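The listed protein sequences derive, respectively, from chains A and B. Taking the UniProt record's numbering, the leading residue of the first sequence gets 1, the next gets one more, and so forth. Taking the UniProt record's numbering, the leading residue of the second sequence gets 1, the next gets one more, and so forth.
Warning: the hint list may mix true and false statements.
[To be verified] Reference listing, derived: stretches of chain A covered by chain B, where coverage requires no fewer than 3 residues with Cβ under 8 Å from a Cβ of chain B:
{"no.": "1", "region": "24-32"}
{"no.": "2", "region": "144-151"}
[To be verified] Partial pick of chain B residues on the chain A-facing surface, computed with a CB cut under 8 Å:
{"no.": "3", "residue": "Val52"}
{"no.": "4", "residue": "Ser74"}
{"no.": "5", "residue": "Val76"}
{"no.": "6", "residue": "Thr80"}
{"no.": "7", "residue": "Ala82"}
{"no.": "8", "residue": "Asp88"}
{"no.": "9", "residue": "Leu89"}
{"no.": "10", "residue": "Tyr97"}
{"no.": "11", "residue": "Phe98"}
{"no.": "12", "residue": "Leu129"}
{"no.": "13", "residue": "Val157"}
FYI, nobody ran anything at the bench for these hints, they're computed from the structure. Given the structure is predicted, the values throughout are model-derived calculations rather than measurements. C-beta atoms are modelled at their ideal positions from N, C-alpha and C, and glycine is treated no differently.
As a plain string of letters, each chain reads:
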Amino acid sequence: MTTATTDRPRTTAAHLSPRLTTATAGRVLRQLRHDHRTIAMLLVLPSLLLGLLYLLWKDVPTLPGQPGTFDRVGLTMLGIFPFVVMFLVTSIAMLRERTSGTLERLLTTPVSRLDLLLGYGLAFGSAAALQAVVTVGVATTVYDLEVTGSVWLVVLIAVVDAVLGVALGLLASAFARSEFQAVQFMPVIVLPQFFLCGLLVPREQMAGWLQAVSDVLPLTYAVEALQEVGRSAEATGTMWADVGIVAGAALLALALAAATLRRRTS
Amino acid sequence: MDAVTVTDLVVDRGRRRVLPGLSFTVPAGRVTGLLGPSGSGKSTLMRALVGVQRVRSGTVTVLGRPAGSAALRSRVGYVTQAPSVYADLTVRENARYFAALYGRGARAADAAVADVGLADAAGQLVADLSGGQRGRASLACALVGDPELLVLDEPTVGLDPVLRVELWEQFHALARAGTTLVVSSHVMDEAARCDRLLLLRDGALLADTTPARLRADGRSDDLEAAFLNVVRAREGSPA
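Chain A extracted, bound-state conformation (with noise of 0.2 Å):
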């Protein structure tokens, strides 16, 4: 009789527990804290390529009654960029947890799946506020980044953003073998959705296939509801409802990569 076997434990992916998750992204914040050179950068290079994009556009003039080239690619780029390094900070993170062995002894302890994945979530969407208040501190005080809403706004879409590329990254780690293959993911993740996102091509004169590829796209809502910060004084009812999108596809990532995280392996 060889039938009991297999006996596929329940599935503790669904199982949270605020005090786990609060202990891990707890831990991944020391570790953070003990790698000077990432915390500078994460906090300084945003602001210096925003910079450089001030200075590409400063000397170009605009149309009388349009927005200057960098005030509208500018705010765009406050949110891709948490994005972008997030993804690509998550997914190294996550692959070293498997190569080193952690990730197979923390799966033998209490903590579930989802614990370890939204501390993740929590410790670098924390980081990545950090980040934000930095950037959009400089960008509209150093660069005259014009604004119509609140900063604030700016900031909220920048963490929900970054919470994207950390879910992306979590999920897109799972099916790295290698860290080749783990960085190779970020021009397959991010790229089409940085072309489709609108900011290359307003979103009504793409092909109409690829506008809806675009509505498929989290980071599409993400540039828009930095768009709508950008033209209303006031938080509309768009831009609340592109983060809630944005938000909601963090959490699905969150949620496949949870399932793709296997407890068992060969």
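Got chain A; can you put chain B on it based on the hints?
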């Protein structure tokens, strides 16, 4: 009372059958040694005990429940062969994180670090430790949960002899306090320190014995020689 019961366990890795049908029990409150050469299936078996190995068929019952059950995860400690701790955290930070996962506090973490003799290195990054120290840091992260079953995959590799003796003394102290230990090793001189021996070769159980019985069966006081004699007797070649 048996802490672990394995019945007809079959495990495939890729197309290779690593464990072709293993059955044995592990007594509670004892140090059971899993001895065998590299590639004999020790690590695979240990992964099955802690419930992270996909098994083809057979049952693994740990402390009365199927291996890997959610309820077991706070009762079973696992130390992998390669130290699986965070290199970019200090020893203390590692121990405190695992303590938190097991629902224990900072004091339990500091005690576990002291138990493995790393109190003086508690504030150092694991990346800056020697190989042996890293292994002990990894051990501390399992001890901190105060597990009923401790599964240790080659915990003494690369340790100097003094430390090795100290660790084995600690294993026996744990067993005296009621902990069940399963310790793998590929060096036969460690077999002498076990209460119970499982000799594994090519995924098959060559002997389920004790050091004294192995010496008698293998007609040698030297366990290595006794083991060889048993292997040869099994394979039908003259001893």
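Hints, one by one, checked against the model:
Judged by the Cβ-Cβ criterion of 8 Å, the region 24-32 of chain A is covered by chain B as claimed, because 5 of its residues qualify and three suffice. Interface restraint, the region 144-151 of chain A with chain B: violated (0 residues with C-beta to C-beta distance below 8 Å; minimum three). Contact between Val52(B) and chain A, as hinted, is supported at the beta carbon level, the nearest pair being about 5 Å apart and thus within 8 Å. With its C-beta approaching chain A no nearer than about 5 Å, Ser74(B) sits inside the 8 Å limit, and its interface hint holds.
A distance limit of 8 Å between C-beta atoms decides the matter here; for Val76(B) the minimum to chain A is near 7 Å, and the interface restraint holds. For the restraint placing Thr80(B) at the interface with chain A, the shortest Cβ-Cβ distance is roughly 5 Å, inside the 8 Å limit, so the hint holds. Interface hint status for Ala82(B): upheld, as the beta-carbon distance to the closest one in chain A is roughly 6 Å, under 8 Å. Given the 8 Å rule on beta carbons, the hint for Asp88(B) holds: about 5 Å separates it from the nearest Cβ of chain A.
This hint holds: Leu89(B) has a C-beta 6 Å from the nearest C-beta of chain A, less than the 8 Å allowed. With its C-beta approaching chain A no nearer than about 4 Å, Tyr97(B) sits inside the 8 Å limit, and its interface hint holds. Satisfaction of the interface hint for Phe98(B) is found here, the shortest Cβ-Cβ separation to chain A being roughly 7 Å, below the 8 Å cut-off. Given hint, Leu129(B) at the interface with chain A, is violated; its Cβ is 14 Å from that chain's nearest Cβ, farther than 8 Å.
Among the interface hints, the one on Val157(B) is violated; its C-beta lies about 14 Å from the nearest C-beta in chain A, farther than the 8 Å criterion.
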